[in-house]
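Novice: Here's the letter readout for the chains.
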Amino acid sequence: MISYVLKTLWRHRTRTLLTVTGAAVAMFVFCFVGSVQEGLNRLTTGSDADRTLIVFQENRFCPTTSRLPEDYSRKIKEIPGVRDVMPIQVWTNNCRASLDIIVFNGADPNQIQKTRPIKLLAGNWQQFQSQRDAAIVGRNVASRRGLKVGDQFSIGELSVRIAGVFESTVPSEENLIYTSLGFLQYTRGADTAGLVTQHEVMLTEDADPDRVAAAIDAALRSGSVATKTRRKGAFQASTLSDLVDLIGFAHWLGYACVGLVLSLVATTTVMSVQDRIKEYAVLQTIGVRPLTTLRLVLTESTLLCLIGGLSGTLLAMIALSLGGFAIGAEGATIAFRPTLSLAISGSLISIFVGLIAGIAPAMQAATVPIVNALRQP
Amino acid sequence: MALVELRGVSKSFRKGEETITPLDNISMDIDAGEFVSLMGPSGTGKSTLLNLVSGIDRPDSGTITVNGTDVTKLTRTQLADWRAANLGYIFQTHNLIPVLTAYENVELPTLLLKLSSAQRRQRVELALEAVGLSDRANHYPRQLSGGQEQRVGIARAIVAHPKVVVADEPTGSLDAETSEQVQVLLQRLNRELNITMLMVTHDSNIASIASKQLILNRGKFLTRSEKAVI
Numbered sequence: 001m002i003s004y005v006l007k008t009l010w011r012h013r014t015r016t017l018l019t020v021t022g023a024a025v026a027m028f029v030f031c032f033v034g035s036v037q038e039g040l041n042r043l044t045t046g047s048d049a050d051r052t053l054i055v056f057q058e059n060r061f062c063p064t065t066s067r068l069p070e071d072y073s074r075k076i077k078e079i080p081g082v083r084d085v086m087p088i089q090v091w092t093n094n095c096r097a098s099l100d101i102i103v104f105n106g107a108d109p110n111q112i113q114k115t116r117p118i119k120l121l122a123g124n125w126q127q128f129q130s131q132r133d134a135a136i137v138g139r140n141v142a143s144r145r146g147l148k149v150g151d152q153f154s155i156g157e158l159s160v161r162i163a164g165v166f167e168s169t170v171p172s173e174e175n176l177i178y179t180s181l182g183f184l185q186y187t188r189g190a191d192t193a194g195l196v197t198q199h200e201v202m203l204t205e206d207a208d209p210d211r212v213a214a215a216i217d218a219a220l221r222s223g224s225v226a227t228k229t230r231r232k233g234a235f236q237a238s239t240l241s242d243l244v245d246l247i248g249f250a251h252w253l254g255y256a257c258v259g260l261v262l263s264l265v266a267t268t269t270v271m272s273v274q275d276r277i278k279e280y281a282v283l284q285t286i287g288v289r290p291l292t293t294l295r296l297v298l299t300e301s302t303l304l305c306l307i308g309g310l311s312g313t314l315l316a317m318i319a320l321s322l323g324g325f326a327i328g329a330e331g332a333t334i335a336f337r338p339t340l341s342l343a344i345s346g347s348l349i350s351i352f353v354g355l356i357a358g359i360a361p362a363m364q365a366a367t368v369p370i371v372n373a374l375r376q377p
Numbered sequence: 001m002a003l004v005e006l007r008g009v010s011k012s013f014r015k016g017e018e019t020i021t022p023l024d025n026i027s028m029d030i031d032a033g034e035f036v037s038l039m040g041p042s043g044t045g046k047s048t049l050l051n052l053v054s055g056i057d058r059p060d061s062g063t064i065t066v067n068g069t070d071v072t073k074l075t076r077t078q079l080a081d082w083r084a085a086n087l088g089y090i091f092q093t094h095n096l097i098p099v100l101t102a103y104e105n106v107e108l109p110t111l112l113l114k115l116s117s118a119q120r121r122q123r124v125e126l127a128l129e130a131v132g133l134s135d136r137a138n139h140y141p142r143q144l145s146g147g148q149e150q151r152v153g154i155a156r157a158i159v160a161h162p163k164v165v166v167a168d169e170p171t172g173s174l175d176a177e178t179s180e181q182v183q184v185l186l187q188r189l190n191r192e193l194n195i196t197m198l199m200v201t202h203d204s205n206i207a208s209i210a211s212k213q214l215i216l217n218r219g220k221f222l223t224r225s226e227k228a229v230i
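Quick mapping for you: the protein sequence lines, in order, are chains Y and S. At position 30 of the first sequence (counting the first as 1) the number is 30 in our numbering, and the numbers step up by one without a gap. At position 122 of the second sequence (counting the first as 1) the number is 122 in our numbering, and the numbers step up by one without a gap.
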């Protein structure tokens with residue numbers, strides 16, 4: 001009987017194509033919205049977000065306005081529960097929300113290699129460590145800006161030579177450019193010498209992050225600049241607070257897309273069943289069971305939805321994979337990544353929506369009084 | 001015992017304020033291998049009777065027994081299974097599935113039976129051969145003439161080797177020449193394959209090909225003397 005369903009869909013090619021296209025577009029948007037949501041979740045949750053602290057200047061948000069003494073790291077290191085401290089100078093081309101934000105993180109190359117979950121795809125660490133203006137670039141930035149090893153990359157007052165391109169298990173890392181701390185401090189002018197934007201604090205296994213954060217702020221209160229220390233996840237959520245609201249809203253857009261697919265496929269299936277109600281009555285006169293009739297209609301609606309949904313999901317995965325998209329604000333970036341869970345949820349939602357969309361017309365086809373339906377012209 | 005037995009069958013419809021009773025306490029028998037034609041003016045319940053025997057409609061009262069099964073007591077699903085195994089239906093307007101070829105249309109009822117693919121193929125080929133359409137097996141309904149479509153419909157009705165074949169005005173939408181061919185075919189199937197047939201028609205010439213002719217009028221069968229008057 002499946003060939004009957006396939007032939008029916010093929011016979012009404014235009015209707016099938018329009019419905020599949022509509023479902024594909026909606027699921028494409030759904031996957032994109034989902035990837036933004038996942039990107040934000042990755043940034044604000046997880047072990048790195050929970051077990052790492054960020055020390056920032058109190059009441060400052062944009063990286064350009066936070067100026068902490070570099071030697072704070074020495075004091076922070078003395079606090080119980082602190083395993084390591086990495087002073088970081090951050091430079092960004094745009095403090096506001098942007099789809100093409102460029103963020104430089106200047107830190108000790110050895111510490112970067114030791115603490116960051118990154119792996120060089122091209123280039124070498126030695127050049128990065130030895131050459132003053134060397135930079136290693138996340139593969140998303142490299143792909144977005146067409147950068148490769150050996151290129152000179154300039155933006156604003158910064159000019160670096162690409163010593164490597166890296167990938168990372170943390171997608172947002174792939175939107176960063178790392179340089180040495182000294183380079184970023186001195187290139188920007190003498191007034192940042194000895195200053196950094198933030199200190200990243202790695203904790204010991206048994207440390208309580210909130211208690212250590214409070215201890216850091218208390219210890220540095222007597223220093224020249226007051227600090228505000230938060231877990232990395234909370235810091236990033238706060239940095240991206242404007243975007244978080246927007247992404248929360250986009251979340252509803254995702255549901256709206258699912259609703260759109262539901263409405264589209266349901267409309268198509270209802271029309272299809274109404275057009276062919278006599279055909280279903282003929283099938284039942286021949287001896288096809290009502291339940292089989294129900295299954296035929298459900299198969300039709302599910303196939304429509306699945307073909308559209310899978311196409312949209314696949315296209316979204318390809319676009320997300322090739323595009324290296326990211327949105328950022330104030331030095332923090334949310335990477336849009338294709339994930340298996342997103343692909344699976346896109347496919348499952350397509351099947352589920354297809355089934356739901358087909359229920360009413362399927363019931364109609366299965367329970368229609370046969371004699372009345374046979375009288376239809 | 002007759003193959004088809006109707007006992008005290010009544011059926012009424014509401015049409016606005018009015019109640020129409022096309023069948024009023026009808027009883028009849030059809031023996032195995034018999035070819036019965038059912039005539040009568042429009043609206044006298046011929047098609048209703050056919051639909052009741054087919055199990056696609058239910059009577060208000062009475063029993064309908066086909067091959068020992070009281071079809072009035074079966075659920076909708078049981079009726080579907082029963083029809084698949086026992087009944088062939090020839091429609092006036094052919095009602096072939098447009099997306100399927102002649103072969104696939106004829107094959108449909110066999111998909112509902114427990115048959116091997118070889119048995120299915122053999123049955124479909126024989127049915128198409130019986131109606132003289134072996135060479136049109138791969139044609140779609142839109143590629144067939146009205147007469148050919150009806151012959152495919154007949155092949156579909158006999159392919160599952162049903163106990164009874166019912167035909168609702170099988171020549172109603174055909175021209176005279178094609179109608180003649182279909183009549184000959186139905187007669188041949190009844191004689192050569194011993195298929196029990198119940199055919200509704202309002203054409204007395206077509207009714208004459210049947211071995212038994214019944215006339216329905218005002219919800220009742222006419223008696224022999226009433227028929228003579230008509």
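Derived from the structure by calculation, the hints contain no laboratory data. Incorrect hints may have been included.
[Stated by the list, open to error] One-sided excerpt, in silico: chain S residues whose CB lies under 10 Å from chain Y:
no.	residue
1	I56
2	T72
3	R76
4	W82
5	I97
6	D168
7	G172
Quick reminder that beta carbons are idealized off the backbone N, C-alpha and C, glycines included.
Novice: All the hints need checking, so say for each whether the structure fits it.
Specialist: Hint check:
Given the 10 Å rule on beta carbons, the hint for I56(S) holds: about 4 Å separates it from the nearest Cβ of chain Y. Taken as an interface hint, T72(S) does not check out: its beta carbon lies about 15 Å from the nearest beta carbon of chain Y, beyond 10 Å. At about 6 Å, the closest approach between the beta carbon of R76(S) and any beta carbon in chain Y falls short of 10 Å, and the interface hint on this residue holds. For W82(S), the interface hint holds, the least distance from its beta-carbon to any beta-carbon of chain Y being 8 Å, beneath 10 Å.
Satisfaction of the interface hint for I97(S) is found here, the shortest Cβ-Cβ separation to chain Y being roughly 6 Å, below the 10 Å cut-off. Taking 10 Å as the C-beta contact cut-off toward chain Y, the hint placing D168(S) at the interface holds, the least distance being around 9 Å. Residue-level restraint check for G172(S) is violated (minimum Cβ-Cβ distance to chain Y is 14 Å; threshold 10 Å).
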